[in-house]
Every structure is written in structure tokens, then in C-alpha cells.
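Using the sequences and the hints, build the whole thing.
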Amino acid sequence: MRRSGSAVVVALALVPAPALAGVPVAGPGRAAVVVASAPLPAERTAEQAKPVVQRVTPASGPTRGGFTVVLKGTGFTGVKRVLIGEGRATGVRVVSPRKLTADAPAHAAGPVRVRVVTDHGSSKATGQAEVTYLAPPTPPPPPPPPPATALASVSPGAGPTAGGTTVTLSGTSLDGASAVRFGGTAATSYRVLSDSRITATTPARPPGPVNVTVTTPHGTAVLEDRFSYVARPTLDHVSPSSGPVAGATATVFGSGLTSDLAVSFGGVPATETHAAADGRSLVVHAPPHAPGFVEVAVSGVGGTASLPSGYRYVGGPDLVGVQPAAGPTAGGTAVTLTGTGFTGDTLVVFGAKPSLAVSANLAGTELTAELPPSTVAGPVDVTVGTEGGSDVLASAFTYVAAPTLASVVPDLGPSAGGTSVALTGSGFRPGMTVTFGETSATVAAVTATTATVTTPAHAPGPVAVVVTTPGGSAALAGAYTYVAAPTLTAVEPDTGPATGGAAVRLSGTGFRAGMTVTLGGAPATVTAVTGTTATVTTPAHDPGPVDVAVTTPGGSASLSAAYTYVVGPTLTALSPTEGPAGGGATVTLSGSGFTPGLTVSFGGRAAEVGAVSATSATVTTPAHAPGSVNVVVATAGGSASLAAAYTYLATPTLSAVTPGAGPTGGGTAVILTGSGLRPGMTVRFGGTAATLVGAADDGTSATVTTPAHPAGVADVFVATAGGAGSLPGGYEYVAAPDLDALTPDEGPAGGGQGITLSGTGFRPGMVVSLGGTPATMVGTPTSTTVTVTTPAHPAGPVDVTVTTPGGTATLSAGYTFVAAPTLTSAAPAAGPVTGGQAVVLTGTGFRADLAVTFGGQPATVIGTPTATQATVSAPAHAAGMVDVTASTAGGTGTLAGGYEYAPAPTLGAVSPAEGPVTGHGTVTLTGTGFRPELSVSIGGQPAPLVGPPTATQATVRVPPHVAGPADVVVTTVGGTAIAAAAYSYLDAPTLTSVAPAQGSSAGGTVVTLTGTGFRPGLTVAFDGVEVPADSVTATSATVTTPAHPAGTVDVSVATDCGTATAASAYSYLDPPERVAVTPAQGPIAGGRVITLRGRGAAAVAVTTPVGSSTPADAFAYLLL
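Numbered per mature numbering (1 follows the signal peptide of the UniProt record, and there is no 0), the sequence shown spans residues -21 to -1, 1 to 1099.
Because the hints were derived from the structure by calculation, they are not lab data.
Errors might be hidden in some of the hints.
What the hints assert, rightly or not - Calculated pairs, BS3-like style, for lysine-lysine (alpha carbon to alpha carbon, straight line, at most 27 Å):
#1 LYS103 / LYS59
#2 LYS103 / LYS78
#3 LYS29 / LYS103
#4 LYS51 / LYS78
#5 LYS29 / LYS59
#6 LYS59 / LYS78
#7 LYS78 / LYS29
#8 LYS51 / LYS103
#9 LYS51 / LYS29
Here you go:
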């Protein structure tokens, strides 16, 4: 039923009673009526506009009134007055038709109703419109009289015996205090802060607990033994007195030491303090601290005590040096160690043996340790350890085995010293000392088993020889004898022939076996010796007086001009000085003292003497074997000889000529081999004289320079005073070679290339050089060609020479050595396995003939390379790292692992596969062949990587894109993979309608939303209150409204692609009011007129509709 205008619309619907949960039902055949407020017809407006008070704030106030109340409800228009109880409120202010404020009047205590009177009527007095007036509180009773003075606490409860501690006393009725005492002694001063607090300064007193007393006008209060006088602690020492910088447990000794004392080391608090019962010690944990001495302090209520430098923090020691660096395996010597961080408790270990006696200097920079014994000689580590750590010097000390001394050679010498003596033994080493009879000798050279020394001066007689090393000492008793110098007093006879051989007796002292005797500096032969006499045979000497000298290990003695040599014949010269071994040569001798009857011998064989004068003689040589012989002349006055004065010559022979060939122009140095070859001999090649350069002393070779001669074979002839010899066909004259060409004419600077030379005059034994460096002959040359292997040579063009005995031919700059190329980089360094990528190679030695391979596969050179750069097209190859090689005529350069073949990537999955057109989210791609340089695009737009990819997975940030499917593309150096339409961009949702557009403020209304872009997971919000969708399609969704105060609200829908809002799209209506229905029942057939009466509306007559045929059904009438 509808009425025009501001009509009241009544709809009556017959519904099964159970379907209206919460709606009163009269029973079968009875109608349940629910009326909701709505605009009334024009004739009902006034009645419906009466005010309604729904809430009053605050709900209470004082009986004197004057407090402001806020009223909320409806119909607050045309307000005339506000009544609170029986009183009228003042200061009424209408904020809106639903809100007003007013000032409450005074009123008796108790709850009262609040009513609003408007032009349309008065609101009903209900329990919702109520204010409670509160009576004022009862005034407190007068305070009781103050209690008697009492003390509750004393803080602090202890202090030093010297007094001076400020103490706070707490209690009651402390005001007006006239005295404060500690154990009967008045406080030095005190101050009353309040009736519950006093501060006082303690007087000096002996140690122990005392009573605290306060006297006030209210009485006297005493706290027994509530303050303790504590004696000042003292410190004696700390044990141990040092420790590691990391901290350690230490015991502090003194007096008055208790666990409540604060202990510090170098200003840093110690921890874990434990006191002994007698107060004489504290066990604490020293805190960490830098190395060095620190003050140890204790402080407490009794005062403070400290030990300056009472504790030393020890850092890890630093061992710098060990002196001496060697010592005996027997140990026992003192060794000095230098460094830092040493203490008196430092442990010193040599190898694995600890020193049992160690002392440190006060500065901690030097240790003296007794060397422990060792069973094995050799270097050992030296370790030092303290509380702060340890340090090691590797092989810093060497255990040395004790030396042995086996022999002294010579074993005697002059007492003046200066004799070089060789010692043998074992365990000798540089720096060892040697003494002879406790006098130090000079050590000249030392090995492990020998030493050479120079003896010091010493008194005559045997002495012990001692060698000393760090390993100990070894001695040989009486091993060396110092000998006194000899004397010479007489020589008998004192004359003899200049030829020597005379027996002479010498007299003197200090003679001994082994002594030597000289006459005029020439050694005589000693035949017998005693301590005072010696018999010798004189040597030959020039005529005249000579000195005689004797020499022993003790020194020398001489007599000046003690012996005179008498003149005999002399032999000064022979001519000629050589001749044939067959003898028969005439020789003239020259000399002096020749007399008729002289005899002459050549090598012990008598010569035939011819004419003789005082100064010359002519003789005929006897036959003799080849070689030099002595020539002796003898007269009655003696004999004279010339050693090797005459040479018997064998007939020369010629066995070889080296080289055996040479140029026709001559000038070749040739060595002749044979016998009897001598200086001055004549040599001919094919009848032409050669130039003799020289002959060997043994006559087996001679060097000559060949003369010019026509090409061909020539005989070689030699002739000396001993005869003549020849070598038929012994030398070949050879024509000069000619060099025309060589192939190839370039190759690697490293050599090793085979080349062929063409020309004329080639022959076996020829020499080929390139740039002065000989090449290696390959096979046997022909007269016109030869093949050689090039030597190594710096890069560049060089002359090529061929040399034969006939001469040398040169081809200027005939061959070029080419430097081997080097490869330093390939860019890019990776590419697809299919090849075809342009790669720039950088290096040196690139040439037009450059050939490049990747992993053994030839690459195509693009364009012409420069000396340092080439561009190539990479060949196809299996995936993996490969070597890149560059080859030219100069060789091959390799870049190991210089290029990587990367497999093409694959793309298997994209998750999630959809998202908003705005992008910005991330997706994870799964596939194979992903690499660090991976690039990704979605729908053609770059998708940045989020973190580095793995070989099979990458995460990227999605770029913005228009809605719809998009291809996902991944690209690496190995190629590209495309997942077509693998990602979908989704539009944000739209919201076009909400039906129905209104419902109860209690919520529960099922609403259908229409729009686009709806998806599973859609959320719906009514004025920001989110509710899940009951059902969702792409264009519609149904939801159940949440509860909300009456009014119009925005409705929004949200998906993971965005949010859409319909402003003021839904209206919440107040809950319906119950109405009275008359009559309360009627026929199911309907058609009965009923009257509806409800609060805030005039009575309405309606006709019931046709209902169900089920008797149990009920009517429900809804006023919309």
C-alpha cells in the first residue's frame, strides 16, 4: 500500500513464521507486524517530528548544577526548552537536529529524566534520557594528634670511623628535633627536612654497630645497632702479582677486606669478589686491561686503600733475539733472550726442553735462561710463555755437538809462531777458537772437519792444542812442539868446486832431523845430523864465496861467506842447437876454461872433439834418439853442462790437414798434424809456399796460412832440419758458393721452421746462418739446394749466409723472423653455442695471415686485423669454457679459458602468472641457463632483476603494462627464451551498482555488487569496514552488510589489482519499531482491514494480502 507525497508505505507480506528469526509471531494464523520509520504523509508530519532523546552525556553531575550536558537523538528543531528533572536547563545550544547542549540546573541528589520540548511536542522521559545528580562528598574528620616520635630507617646503614657520612633518618614526628646521636655521640650536624626525614652527619667513632637516637618535643626514638662504623681497609699485596691482559683470578691481601668492597685494577672494576672470614684476603677476578703496571684499589663505606703499581698486566711476550744462538748439547750455558713482555714467571723452552733456571730484568725486555741438555744436535725453536701468551722464534738456537780433535799438521814449528797448521777432527764450525798452550791462534779457514790456523808465539816445548765451539772443547795434549831457532858456528872444509858434490861438515846447535842446508841459496844434500853437527854434499854454484844457512822448524841460522866455490869450465852456447837423430852434425861449443883433453858428451854419449881453444871447441854429434839432451864438457878443473842444449830431430811426418778444404783465394788458417813439426820449417801446398804461423812445442801440429791456388786437390809438403815429409792430395781448393733464394722467407721468432735454400757451390758440411745464428741442417745438401731448420731469433728481417770451405754467400734481409702473437682478452668473453657472435680479440703480433680457433674450431676473421686487435666470428661449439688461439707465421698465442660458450636459456614457469597493470610486484621465473647478465622483459618492457639469479631461477620486478596477456622474454649471452602470453596484466576492479542500496543499521542485508574486474579473494568495505564476499563472478558479487550507524556510506571493492569505490552508494536505516496490530489475527485468504499503530506515527489502515494455504503460516507486515 503506497501513498503519494511523504507517504507511509505499508507492505504486508505473508511469510512462513520460521523465516523471520527474531520477529514476534503470534502463532498460527496470527500476523507479526514490523514497522520501520519512514517519511510520513503530510497529515502525519507533525506527530512524527516530536523529539526523541537517545543519549545524555555526561550521565552524572553535582547537585549544584552548572555542568554542561550533551543530548543526542532526533527532532531537535524548534527547541523551546530542555527540562532536567523539574528544573529548566540554561544555555541551550542546538548543534544539529540530532544534537544539542545545555547547562544543567541545580537539583537534589538522585537520577532525573531529561526531556526536550520543541514546536512539535515533548520527548518522552525514558531511561536513556537520564542524569544522576551527585551529592557533594562529606568533609574529612579533623586530623588526629601527631603520634610519638619514631624512627623507621637509617640510610646508609654504615660509614667510616672518621665520620662525615651524611645519613638520612626516616620515621614519624621528627619535626622539632633537638638532638641526633650515634652511639651516644652527637651528630656533627643535622637538618630536619620534614616531620618524617632528617639528614645528619656522623661523628667519628670506633668501629662497630651503634644505636641511633633522635629527640623531639614528641619524645625520643632509638634504633638499636642500626648504624655500623667500618674501619678503613688496608692493602698489603696481590698474588699473583701479574696476569694476562684478558684478566685472571687474583688474591688481594690486607685487612678489613669484605665482600662488599669495590675492587678495581687500573680503574676498571674487578668481579667475583669473595672475602676470607678473617677479612685478611679477597679473591677477585681481575678485569681485562692493557699491558703494564696498574694501581689496585679497594673502596667501601670504611674508606679507600690502594697499591700503586700493585699488579702487572702481562701481554703476549714478543721474542726478538737469542744470544748466543748456539750452545752445547750438554746444556748448562747461559742464554740471553731479548724482546718484550717478559716476567719472572716466563717459561723458556728450547725445542721441547724447558729451561729450569730463568730470570727476567725489571723492564721485561731480557731473560737469562740456563740451556737445558739435548740428545740431538741441530737447530730448535725457542719458545717463551707468560700468563699473557707465548711467542716462538723458529730455529733460533742451534745445539752443537762437542768437537773432537784428531790431528795437528805440522806438529811442530818455531817458538816465534806464524806457522800455518792444519787441524782435523769433527764438529768444527765458523767462530770456533783454537789455543796452543793456552795462547790463542789465528783461525784462517774452517770446515766441519778441518781448520787452518796460524800458530801464536810460545816458549819451546810440546803444548796442548785446544779447539772450542759452542758445543764444547776438545784437546790434544802435547800435539804441537815449539822448536828453538838453530845456530851455525863452523863449516869444514870451507872451499870446493863450483860444480858442487863436495862433503862438508857443519857445527852449531839446534840441529835436528829434517833440517835443510843451503850454500849461496842452493840446497845442499844433508847426509847425517846430530844436535850439534851435520854432514852435507855441496850443490853446484858460481865460483866465489857464498853464505851457508841451516833451517829447522825452529827457524834459520847462517854464516856469511863461509864457503868458496872454485872456477871450473863453463859451457855457454852451441851452434847449431839441433840436428838429425842419426848424428854426424858439426857443432861449435863456446864457453871458458876449455883445455886440450877436454871431453864432450851429448845426452851421455861421447862426441868426437875437433879443434879446441880456451873459449871454443868443434865436435861431431853422436847418434841419439830424438829429443833434447844435455851437453857436458869436462876438464881437470871440473865439468860444465848445458841442460837440453841440443835437440835431436826426427824426420818430420804429415798425417792430416784441417780443414781439408778452403777457398781458391787462399788465406785459410790450416792446422797440420803429424810429428817433427817445428818453427822455421817450410810448408808448400801444390808447390806454392804457405805462411808458417806457428808450431806446437811437442812437434805434433803447426798452423799455416794457405796460399792462392786453382780449384782442385793439392799435395802438402813440410821440411825441417830433421828431414822432409808430405801428404799427397792433403788439401782441396774449393770455389766460393752462391745463394739465390730461400722458401719460405718468414717464420716464427721461436725458430723451428724448415726452409729450403737454393744456389750453387753447396756441399756437405756447409754452414747456414740466419742473422748470425746457425741453423740446423736437415739431411744432406746437394750442390744447389739445402734444407735447414731455423734457429730462434728476435723478430725482424735478417741476413741469410751459407758458408763452405770455398767462402760465404749472403742474401741480405733474406728471411724475416716473426714474433709469436699473444692474446690478452676476448670481448665479449661469452656467447651462444650456435656461434656467430662477433668477438674482439686484443693482443700483440696480429697480422694479415692471422688464424683464430675457439676450442679447436676455426673462427672467421672479419676484416683486416691490426697489430693489436682483430674481430672474428665465433664458431659453433658445445657449451663450456674454451681456449682461444691466434696463429700467424710467428707462431701461436693462447688465451686459456678465454671464451665461454653459454647454452641458450629456457623458460619453464612464471609465478605468479598475473598481476595489476601498474606492475611493481615481483615474479619468479624458473628455467635453465640463467646467468648473471640475464635480462628479462615482460610485454616488451624491461623487468629489473631483484637480486642475482641462479642457474635455474630469477626474481624480477614487474613493469607497468596495459591489461592483457604479455610475453615473458629472458636473454643471456647464450640466447633468448620466450614464454608467450605467460603473464597477464589485470585491470583494477570497477563498481557500477549496489543493490539494494539501503538496509538496516544492524547489518545482515544481502547486497549484490555489479562491476568489472571482480576476482576470487575480493573484499568489500562499507565505510571502511571490510567484509568478505559471499560469492564472486567477474562482474558481480554478493555480500552481507556489517552493522553501522544510520547514514549514507561509501562502498568499495578491492582485489590484488586495485580498489574501486562507489561514493555514498549505500544507506543504513534505523531499526524498525514494533507496532500494535488490530485485529491481531485474520483469515489466510486475506482481504481483512487491519489498523497499525506505532510510536511516532498516526494509525494506518491496511488490507491484508492473500497468504499461504498452510494454517501454520503467519502474517508479517513490514512498514517500509
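Hint check against the structure, violated hint numbers in rising order: Of the numbered hints, all hold.
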